[in-house]
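Trainee: Sequence:
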Amino acid sequence: MKIILASNNKNKIREVKAILEDLDVDIISMKESGVDMDIEETGSTFEENALIKAREVMKLTKCITMADDSGLEIDYLNKEPGIYSARFMGHDTPYDVKNKALIDRLQGVEGQDRSARFVAAIAVVFPDGKEIVTRGTMEGTIAYEPCGTNGFGYDPILFLPEYNKCSAELSSEEKNRISHRGKALRMMKEKLLTVKEK
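With our numbering applied, the sequence shown closes on residue 1546, and no number is skipped along the way.
By construction, these hints were calculated from the structure, which means they are not laboratory data.
Among the hints, a few may not be true.
Mimicking PhoX-like on lysine-lysine, the simulated pairs with C-alpha atoms at most 25 Å apart in a straight line are [said to hold, decoys possible]:
#, residue 1, residue 2
1, LYS1446, LYS1360
2, LYS1448, LYS1427
3, LYS1350, LYS1407
4, LYS1360, LYS1350
5, LYS1360, LYS1379
6, LYS1410, LYS1544
Label pairs and their computed distance ranges (CB to CB) [as the list claims (entries may be wrong)]:
#, residue 1, residue 2, range
7, HIS1439, LEU1408, 19 to 25 Å
8, LYS1544, ASP1461, 42 to 48 Å
9, LYS1544, ASN1359, 25 to 31 Å
10, PRO1442, MET1385, 41 to 47 Å
11, GLU1521, ASP1374, 18 to 24 Å
12, VAL1543, GLY1438, 35 to 41 Å
13, ARG1435, GLU1538, 30 to 36 Å
14, GLU1538, GLY1438, 36 to 42 Å
15, ASP1440, LYS1365, 22 to 28 Å
16, GLU1538, CYS1495, 17 to 23 Å
17, LYS1513, GLU1538, 27 to 33 Å
18, MET1385, LYS1358, 16 to 22 Å
19, ALA1366, GLU1487, 19 to 25 Å
20, TYR1424, PRO1475, 40 to 46 Å
Nothing here was measured: the structure is a model prediction, and the numbers come from that model.
By construction, the Cβ of each residue, glycine as well, lies at the ideal position given by its N, Cα and C atoms.
Build the full structure now, drawing on both the sequences and the hints.
Mentor: Shown next, in the form of structure tokens:
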């Protein structure tokens, strides 16, 4: 079984391969499959955007394709940046600038009012038209200042009270175990196993 991952993000590819390593499938990136395209994410939810990406790549390759759409939702900011997480303040803006801007917008906001979460939707699209979608979340609050150097993106500003550390302070093993993407991928793994058995 070969699955094309509709991404060229090295961090994301490494995470997906680590979590699905015992599934006995060959996971290859868009680049490795010879696909070079920018897919416009026009959906209004993480699920819709994941499906848009997976369908586009599957159409080109005629192979089973997996895509994810993920981001940070901050309740106090009406769930911003949400589906625009990657594009927030512009694609080329460094994440330390984005992270500082979000912390600044929560000045004077305390405690549970800083509630936030990472959301990941994973979509797998098959050449026969079958589609599977799963969603995982990792709940926390927005830290008062960035902490940790592991991870990427918004990891330094999502504080996880039950672990008393930011997402960027987790080891990759810890993160894969409890992260939004880890949860969504494990749910997807269960669904793919039943498909394989058929």
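Trainee: Run every hint past the structure and note whether it holds.
Mentor: Hint by hint, here is what the structure shows:
At roughly 19 Å between alpha-carbon atoms, LYS1446 and LYS1360 fall within 25 Å of each other, so this suggested pair holds. A C-alpha spacing of about 17 Å is found between LYS1448 and LYS1427, which places the hinted pair at or below 25 Å, so the restraint holds. At most 25 Å may separate the alpha-carbon atoms for a hinted pair to count; LYS1350 and LYS1407 meet this at roughly 15 Å. Taking the CA atoms of LYS1360 and LYS1350, the gap is about 17 Å. The hint holds against a cut of 25 Å.
Between LYS1360 and LYS1379 the CA atoms are separated by roughly 14 Å; this keeps the pair inside 25 Å, and the hint holds. For the suggested pair LYS1410 and LYS1544, the alpha carbons sit about 18 Å apart, so the restraint of at most 25 Å is met. As the Cβ distance of HIS1439 to LEU1408 is approximately 23 Å, the hint placing it in 19 to 25 Å holds. Between LYS1544 and ASP1461, the C-beta spacing of about 45 Å keeps the proposed range 42 to 48 Å intact.
Hint check: LYS1544 to ASN1359, Cβ distance near 27 Å, so the stated range 25 to 31 Å holds. Between PRO1442 and MET1385, the C-beta spacing of about 25 Å breaks the proposed range 41 to 47 Å. Restraint check, GLU1521 to ASP1374: a C-beta distance of roughly 23 Å satisfies the suggested window 18 to 24 Å. At roughly 39 Å, the beta carbons of VAL1543 and GLY1438 sit within the given window of 35 to 41 Å.
For ARG1435 and GLU1538, the hinted distance range of 30 to 36 Å is satisfied, since their beta carbons lie about 31 Å from each other. The hinted range of 36 to 42 Å is satisfied by GLU1538 and GLY1438, whose Cβ atoms lie roughly 38 Å apart. In this structure the supplied range 22 to 28 Å holds for ASP1440 paired with LYS1365, their Cβ-Cβ distance being about 27 Å. For the pair GLU1538 and CYS1495, the supplied restraint of 17 to 23 Å is violated, since their beta-carbon distance comes to about 33 Å.
Separated by about 29 Å at the C-beta atoms, LYS1513 and GLU1538 satisfy the suggested range of 27 to 33 Å. A beta carbon spacing of about 18 Å between MET1385 and LYS1358 agrees with the range 16 to 22 Å that was offered as a hint. Distance hint check for ALA1366 and GLU1487: the Cβ-Cβ separation is about 22 Å, which falls inside the suggested range of 19 to 25 Å. In this structure the supplied range 40 to 46 Å holds for TYR1424 paired with PRO1475, their Cβ-Cβ distance being about 43 Å.
The structure is inconsistent with the numbered hints 10, 16, although it conforms to all the rest.
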